[in-house]
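Protein chains: 2
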Amino acid sequence: MSKNLTKRADDYSKWYNELVVKADLAENSAVRGCMVIKPYGYAIWEKMQAELDRMFKETGHKNAYFPLFVPKSLFEAEEKNAEGFAKECAIVTHYRLQNDPDKPGKLRVDPEAKLEEELVVRPTSEAIIWNTFKGWIQSYRDLPLLINQWANVVRWEMRTRLFLRTAEFLWQEGHTAHATKEQALDEAKLMNSVYAEFAENFMAIPVIKGLKSESERFAGAEDTYCIEALMQDGKALQAGTSHFLGQNFAKAFDVKFTNKEGQLDYVWATSWGVSTRLMGALIMTHSDDHGLVLPPNLAPTQVVIVPIFKTEEQHEAIRLLVQKIKSSLASVGVTVEFDDRDTQRPGAKFAQHELQGVPLRIAIGPRDLENGTVELAQRHNLSKEVVAIDQLESYIPKLLKDIQQQLFDKALKFRDDHISSVDTFEDFKKVLESKGGFISAHWDGTPETEQKIKELTKATIRCIPDDKVDEPGKCIYTGKPSPYRVLFAKAY
Amino acid sequence: MSKNLTKRADDYSKWYNELVVKADLAENSAVRGCMVIKPYGYAIWEKMQAELDRMFKETGHKNAYFPLFVPKSLFEAEEKNAEGFAKECAIVTHYRLQNDPDKPGKLRVDPEAKLEEELVVRPTSEAIIWNTFKGWIQSYRDLPLLINQWANVVRWEMRTRLFLRTAEFLWQEGHTAHATKEQALDEAKLMNSVYAEFAENFMAIPVIKGLKSESERFAGAEDTYCIEALMQDGKALQAGTSHFLGQNFAKAFDVKFTNKEGQLDYVWATSWGVSTRLMGALIMTHSDDHGLVLPPNLAPTQVVIVPIFKTEEQHEAIRLLVQKIKSSLASVGVTVEFDDRDTQRPGAKFAQHELQGVPLRIAIGPRDLENGTVELAQRHNLSKEVVAIDQLESYIPKLLKDIQQQLFDKALKFRDDHISSVDTFEDFKKVLESKGGFISAHWDGTPETEQKIKELTKATIRCIPDDKVDEPGKCIYTGKPSPYRVLFAKAY
Chain P
1 MSKNLTKRAD DYSKWYNELV VKADLAENSA VRGCMVIKPY GYAIWEKMQA ELDRMFKETG
61 HKNAYFPLFV PKSLFEAEEK NAEGFAKECA IVTHYRLQND PDKPGKLRVD PEAKLEEELV
121 VRPTSEAIIW NTFKGWIQSY RDLPLLINQW ANVVRWEMRT RLFLRTAEFL WQEGHTAHAT
181 KEQALDEAKL MNSVYAEFAE NFMAIPVIKG LKSESERFAG AEDTYCIEAL MQDGKALQAG
241 TSHFLGQNFA KAFDVKFTNK EGQLDYVWAT SWGVSTRLMG ALIMTHSDDH GLVLPPNLAP
301 TQVVIVPIFK TEEQHEAIRL LVQKIKSSLA SVGVTVEFDD RDTQRPGAKF AQHELQGVPL
361 RIAIGPRDLE NGTVELAQRH NLSKEVVAID QLESYIPKLL KDIQQQLFDK ALKFRDDHIS
421 SVDTFEDFKK VLESKGGFIS AHWDGTPETE QKIKELTKAT IRCIPDDKVD EPGKCIYTGK
481 PSPYRVLFAK AY
Chain S
493 MSKNLTKRAD DYSKWYNELV VKADLAENSA VRGCMVIKPY GYAIWEKMQA ELDRMFKETG
553 HKNAYFPLFV PKSLFEAEEK NAEGFAKECA IVTHYRLQND PDKPGKLRVD PEAKLEEELV
613 VRPTSEAIIW NTFKGWIQSY RDLPLLINQW ANVVRWEMRT RLFLRTAEFL WQEGHTAHAT
673 KEQALDEAKL MNSVYAEFAE NFMAIPVIKG LKSESERFAG AEDTYCIEAL MQDGKALQAG
733 TSHFLGQNFA KAFDVKFTNK EGQLDYVWAT SWGVSTRLMG ALIMTHSDDH GLVLPPNLAP
793 TQVVIVPIFK TEEQHEAIRL LVQKIKSSLA SVGVTVEFDD RDTQRPGAKF AQHELQGVPL
853 RIAIGPRDLE NGTVELAQRH NLSKEVVAID QLESYIPKLL KDIQQQLFDK ALKFRDDHIS
913 SVDTFEDFKK VLESKGGFIS AHWDGTPETE QKIKELTKAT IRCIPDDKVD EPGKCIYTGK
973 PSPYRVLFAK AY
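Protein chains in written order, with my numbering: chain P, 1 to 492; chain S, 493 to 984.
Derived by calculation from the structure, the hints in this document are not laboratory data. Among the clues, some could well be false.
[Stated by the list, open to error] Calculated cross-link-like contacts (lysine-lysine; reagent style BS3-like; alpha-carbon spacing at most 25 Å): (1) S:LYS606 x P:LYS114; (2) S:LYS921 x S:LYS893; (3) P:LYS57 x S:LYS921; (4) P:LYS57 x P:LYS47; (5) P:LYS326 x S:LYS549; (6) P:LYS189 x P:LYS62.
[Said to hold, decoys possible] Chain P regions said to be covered by chain S (calculated; three or more residues, Cβ under 8 Å): (7) 16-30; (8) 113-125; (9) 148-158; (10) 409-419.
Computed from a predicted model, the values in this text were never measured in an experiment. Here a beta-carbon is modelled for each residue, glycine too, at the ideal position from N, C-alpha and C.
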């Protein structure tokens with residue numbers, strides 16, 4: 001199976017598209033730009049969800065659910081937000097179909113069933129949520145209000161790619177309300193840190209935390225914090241964002257509270273989200289020409305066991321042994337699958353599990369039965385070793401932890417090797433075309449210059465990194481003064 | 493708080509509506525017929541989801557995700573299904589908004605951005621899923637295909653009520669494909685049993701398993717299995733359905749497979765679902781005039797601890813003690829919340845937790861500190877007792893289990909007391925108006941008679957129970973022969 005996969009060096013984009021489909025993660029659907037997330041892809045997404053949900057709850061957030069639809073009059077209330085999303089919205093205009101009088105057996109929209117007010121399918125939920133928060137917040141006692149929602153959203157993107165940019169996607173969106181500006185800012189930063197911790201510790205994806213420039217900010221936000229990851233082809237990927245919304249939505253929806261001093265004031269807001277786009281980041285950070293590579297934390301199956309036998313007697317003996325190994329590994333928290341299908345040969349099974357990124361593969365044959373050993377293969381480095389069966393229970397949990405760390409270290413080294421500091425626009429273009437990656441450069445701070453650089457090079461400012469160093473310099477494009485370097489890159 | 497709740501005997505419907513809002517479970521939104529599920533309500537739904545998801549996985553099902561939208565041409569492919577849902581569909585016709593030239597600052601639908609083919613917001617996903625299954629199924633080796641989806645769906649209901657009937661609701665929908673009719677029938681029955689087990693063991697709601705009559709069948713199904721519960725006002729509530737779809741969808745979407753004999757055949761199908769409607773069943777089975785009553789399995793907080801003190805010294809001593817009690821109870825799997833808010837008095841806290849159905853309340857005052865005791869109050873029977881602190885760890889888990897059982901037993905007794913056997917239409921109407929509940933009666937098996945009885949009494953056939961007894965008799969309405977009794981009721 002994996003032999004048919006395009007090599008990354010030949011066509012990275014094609015490699016990605018093929019991998020997503022061949023590894024059974026997702027596929028295109030009959031609906032333009034909408035994907036089907038297949039069971040294997042969804043199982044990985046569920047692992048991300050569970051960990052994020054745990055982290056949100058640990059930081060005091062509660063889940064709730066708000067309507068899929070936003071009435072147009074609410075949608076347009078916060079003007080910048082509306083402007084940012086108006087061009088890519090699915091709009092519900094009717095609520096009934098009827099038999100088509102001209103085409104027997106076919107349906108048509110019933111012209112009589114036109115809605116008085118059109119409904120926007122949520123591209124994001126600030127509008128409907130802040131309209132609801134108005135009823136929930138009266139006094140400082142109701143604050144902070146820390147809400148998260150797991151939901152589907154729709155943005156009518158013109159050019160779509162599985163996981164990376166789809167018309168419908170799954171995400172979580174946090175929406176919080178606070179009594180003071182400072183508390184809202186702290187929350188926005190905290191959640192960006194939660195995302196960074198999740199990306200690095202759970203997904204083994206190193207990220208740079210920072211602030212978006214004005215032109216890359218979320219529509220309706222005062223500030224957008226983000227985590228930026230680097231893909232193997234040298235392009236950056238925004239993996240999560242956390243917005244300080246100021247009092248914009250509170251003003252648009254008239255959400256005021258009585259503070260401790262008895263005075264009325266508008267509430268301060270944040271919102272933050274990550275989506276199924278993380279699946280794209282996962283694939284493009286770790287995988288190789290053989291297929292998917294999964295960090296053990298995210299693997300629906302951490303160890304797969306494949307039996308190799310000639311006689312039914314051998315098969316039976318292997319089965320008995322596997323039951324022991326399975327329960328022994330399960331007892332130390334390892335997820336094991338016994339691939340005992342009789343419809344596939346061992347070679348085909350090996351190829352499939354390699355393509356699907358199962359971190360460890362155990363093969364057991366007749367000689368292993370005699371020797372009390374197994375063959376243990378690691379997916380990420382393709383190494384094999386013979387291990388005594390009675391060692392597995394202590395060895396495998398350690399090895400899985402080790403692989404998780406190795407994947408992070410490797411991605412971190414690649415990322416750090418691909419941050420280039422440049423001081424001229426010539427060098428900027430040269431590095432961008434040859435090496436790619438993040439380019440650390442001075443910028444005069446204006447949207448005009450950022451726009452010009454984008455037009456000329458396709459690179460955008462990914463972020464003003466949190467760990468930037470005060471170092472006065474000159475903008476690579478205009479030569480005007482700049483207080484510190486920012487990170488540019490071409491991006492997904 | 494609870495004092496303002498309408499009494500069930502005065503107005504059951506009003507009691508329900510008030511309870512949902514006052515207990516902070518859900519509220520109406522700005523979108524006609526769509527609800528906001530509030531954090532407390534959502535936390536209960538999450539408990540249901542987790543348990544159902546576990547049961548689905550244990551029976552071999554895998555989760556996946558399919559598009560929200562169904563192109564009209566796919567939607568109409570299975571005619572009966574299309575006919576059943578066409579009248580209540582939200583339809584997306586456009587994909588962009590633009591500035592309204594007549595109203596500055598307002599948006600309007602961009603007439604240029606009309607979709608070539610309208611998209612139906614899924615009221616159920618058979619069409620989009622079977623169109624996808626076509627690509628997944630070639631051979632008997634691909635079967636059975638056992639898929640579940642957690643999703644939102646939209647049905648444009650004209651008369652809506654929180655949880656019971658909303659334009660958008662959350663649900664799970666299982667969709668399976670099988671090589672033989674028998675296997676598909678077994679699956680449909682199995683999942684109906686899973687639902688029954690979930691309702692009875694987890695939600696403490698006794699249900700009757702059975703088969704729907706033709707007129708109550710799912711649009712596009714050959715058979716619909718269901719579980720029916722009885723609410724306190726004597727009306728039935730359909731709590732879950734499982735459909736045997738025959739080869740209807742396989743034929744509509746041309747899904748064939750090669751069987752073991754090498755011949756092509758259409759695939760056999762099932763689908764099954766439960767929704768946020770279960771929240772309505774939960775409320776109307778167990779709650780009382782004081783508010784919500786939650787079975788311990790479903791309670792986000794099983795035990796709430798309220799401190800009662802006059803001095804800060806007492807408060808501090810109680811706090812220390814509570815930490816010990818909390819970790820001791822957590823160690824035996826009990827969910828405990830310490831309600832240490834300084835914005836509410838103990839009385840207000842008591843009222844709130846009563847209204848929200850927290851199964852057990854512990855109050856600790858200065859005298860308890862001296863005696864090493866607490867006051868333990870049970871929500872469902874409003875009893876109070878004094879318990880020694882060192883007894884809590886062993887007593888509370890047992891008590892919670894006991895309460896779960898008591899709630900089930902009470903609901904079962906009520907249900908069984910409200911199944912009446914009648915042999916004449918006069919008695920049928922009399923029982924229906926006086927006592928309500930299920931009425932076990934003979935029926936001639938025709939949709940015409942069922943329709944007539946419905947028109948005259950508003951009662952419908954809830955199901956032909958699985959445990960029906962072969963007992964020839966005469967239809968209560970037409971006098972024609974009937975092989976067994978079926979269950980009628982007025983229903984939600």
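Verification of the hints:
Restraint check: the Cα-Cα separation between LYS606 (chain S) and LYS114 (chain P) comes to about 15 Å, which is no more than 25 Å; the hinted pair holds. For the hint linking LYS921 (chain S) to LYS893 (chain S), the alpha-carbon distance of about 40 Å lies beyond 25 Å, and the restraint is violated. With a C-alpha separation of about 52 Å, the suggested pair LYS57 (chain P) and LYS921 (chain S) falls outside the 25 Å cut-off, and the hint is violated. Between the alpha carbons of LYS57 (chain P) and LYS47 (chain P) the distance comes to roughly 16 Å, so the proposed pair stays at or under 25 Å and holds.
Taking the CA atoms of LYS326 (chain P) and LYS549 (chain S), the gap is about 18 Å. The hint holds against a cut of 25 Å. At most 25 Å may separate the alpha-carbon atoms for a hinted pair to count; LYS189 (chain P) and LYS62 (chain P) meet this at roughly 18 Å. For the segment 16-30 of chain P, the proposed coverage by chain S is satisfied: 3 residues have a C-beta within less than 8 Å of a C-beta in that chain, meeting the threshold of three. For a cut-off of 8 Å, the count of residues in the segment 113-125 of chain P with a CB near a CB of chain S stands at 4, and the three-residue condition holds.
Only residues whose beta carbon comes within less than 8 Å of a beta carbon in chain S count, and the segment 148-158 of chain P has 4; three or more means the coverage holds. Counting residues of the segment 409-419 of chain P whose C-beta sits closer than 8 Å to any C-beta of chain S gives 0, which falls short of three, so the coverage hint is violated.
Going through the hint list in order, the structure does not satisfy hints 2, 3, 10.
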